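Chemist: Each chain is listed here by its residues.
Protein chains: 2
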Amino acid sequence: MDKHIGKQSIRFQNPPVIVSVSSVAGPKEGEGPLGSRMDRVSQDILLGKETWEKAESEYVRQGIELAVEKSGLPLSGIQYILAGDLLNQAIGTSFGVRSLQRPFLGLFGACSTIGEAMMLGAALVDGGFADYVAASASSHFCSAEKTFRFPLELGSQRPPTASWTVTGGGAMIIGAPEAEPGRYGACEECPRVTAATTGKIVDMGIKDANNMGAAMAPAAADVLTRHFEDLNIRPEEYDVIATGDLGHFGREILFRLMLEAGYDISGNTTDCGIEIFDRDQQDTHAGGSGCACAAVTFAAYFYPQLCSKRIKKFLLVPTGALMNSTTVQQGESIPAIAHAVRIEAGGV
Amino acid sequence: MDKHIGKQSIRFQNPPVIVSVSSVAGPKEGEGPLGSRMDRVSQDILLGKETWEKAESEYVRQGIELAVEKSGLPLSGIQYILAGDLLNQAIGTSFGVRSLQRPFLGLFGACSTIGEAMMLGAALVDGGFADYVAASASSHFCSAEKTFRFPLELGSQRPPTASWTVTGGGAMIIGAPEAEPGRYGACEECPRVTAATTGKIVDMGIKDANNMGAAMAPAAADVLTRHFEDLNIRPEEYDVIATGDLGHFGREILFRLMLEAGYDISGNTTDCGIEIFDRDQQDTHAGGSGCACAAVTFAAYFYPQLCSKRIKKFLLVPTGALMNSTTVQQGESIPAIAHAVRIEAGGV
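Residue numbers (the working numbering), protein chains in the order written: chain A, 3 to 350; chain B, 3 to 350.
Everything labelled a hint here was simulated from the structure, so no lab data went into it.
Any given hint could turn out to be false.
Note that identical chains are pooled: a pair holds if it fits in a single copy or bridges any two copies.
Pairs of lysine-lysine, DSS-like flavour, derived with a Cα cap of 27 Å [claimed, not checked]:
id	residue 1	residue 2
1	K51	K72
2	K314	K5
3	K209	K9
4	K148	K209
5	K9	K72
6	K148	K72
7	K51	K209
8	K148	K314
9	K5	K315
This one's a predicted model, so the numbers in the text were calculated from it and none came from an experiment.
The whole structure should be built from the sequences, with the hints applied where relevant.
Modeler: Below, the structure is given as structure tokens:
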């Protein structure tokens, strides 16, 4: 069986299973529509730490440890941690996983990171290189604002297209389907990662760092079109397609771009950034964003529906903007990327 | 055949081959001992660009394009680009690969990045997910100084333990051994990636950002010890072991740590940061560093010796320091990581 299909996609031979997931989130996320579904909501956005960066690392550590705990595996059974975040030099992750003492593969895909981690993690498992891996992504509203926008103390006004970085860490344990069956704690028949399409960088010339949705929508459209063509399927095959953090404005652009490409995805497509906050009640403008957005929303909201088979075929499309404050200052446009990961309910 | 062996290592079933390599470097690297072996040396450290960051992206692009060109493959034959750099949000890489339009997997392992890219790239190939991938890493002296230390305009004095960030980009094409044989331009029998050991984060409490060698040496010792134990071999089996960028001081620490662990590696171990500059003539203090250091030195110096079978068994151990300027300011110590990639001459 050929594992790579079409131009940018792979189909897993023995689809790896998502054994367990975790969602550890901050206070604002706890007040949102998915708050009651989160594994853990902290009232203290600093988690008792002295800086936002140290708090983010704590979200990373707690998220991975909780996913491991829920899997029933010992930490030593995790052969690789694949993880990343938004901060300079990915310090949220490095300092978060430092104490875990597992082989570490650091990733950077901005807010698309959890998609990259799932694709690479599933490939390591399906390729026979690991029985279990952890995939994780994190972000923190305060550390992200500091890194990408303005000091929080300025109280800068946010335009309607601005998104709100999710504070939290989401993790999952991906394992070989035949490895020690029966140990899985999360559900009897675990959802499986069956295919993935890896994105190219798409840059349509958007330069507004307060309109990430517009910068990322073309990347999402590109990888979705490629996914449908490579797998020779129609979008209707999916019960739900969830983009990462396009938000309200980016989603509208995506729908238009997909219609131009011949696909109407408006009936079954949502966005993690739209699901995680209540736009009207929470003043989050375009929606949630950040590496944790897709990771936490998948763990808290979509994974349980895959376990209960309420969703049978699901496509997660985390989206990332690959700029930094220096490139914005140097007048560069915003390159974006998105990856599509297909997850199917077990035993279907 | 079980592909994972011991605690942190994998052995490739059909060892992927390194089809071609490229080394594109700056003026100082061109004046060093390996200058005449580089594929391309630029006299202009800006490569005609207006900023250091844009120059670094140009090194990335040229490096990957040249490796592809030398492989004889069309760019469309490269199924994944796995790459990273030292800059905030890895912009050197994102903007460098933007125009190449290939599926992109961004990595962050600081100066260990090329090791991570080789391990993951070889796993994607050996796992059947790709026929050819590109692995790349880059760094730039000026953009790195600006990011991690002081503005260059200050002319700050450098302590003896400080290293000199290599300016350049190094890339390689890794392919399946049976994929279209005879097309390889680099050598008749390509060197093969036969095994890899993925490192854990090691933090021994070093806080001096001007002494990276001391921070990284324990990580190198950890992964080397693990590699020897997992593969049940002695260091003497290798013709050459080359660490990434420990430099003169870090190498001495590594030798002592390895002796304590029962391994004398002083007879066959060098360091890419030591090879790439002439310490006495070039005022580079502890030696070269940066993501490009191991990538460019491997491509220009070790790969040709593997092709000519002057070196038959080689272990590349790129080392990375996972801190940033914020963590240093917040009083954190420097976590480090190293990965060991085993490369053997073809047809041996």
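Chemist: Which hints, by number, does the structure contradict?
Modeler: The structure breaks hints 3, 6 and 8; every other hint is satisfied.
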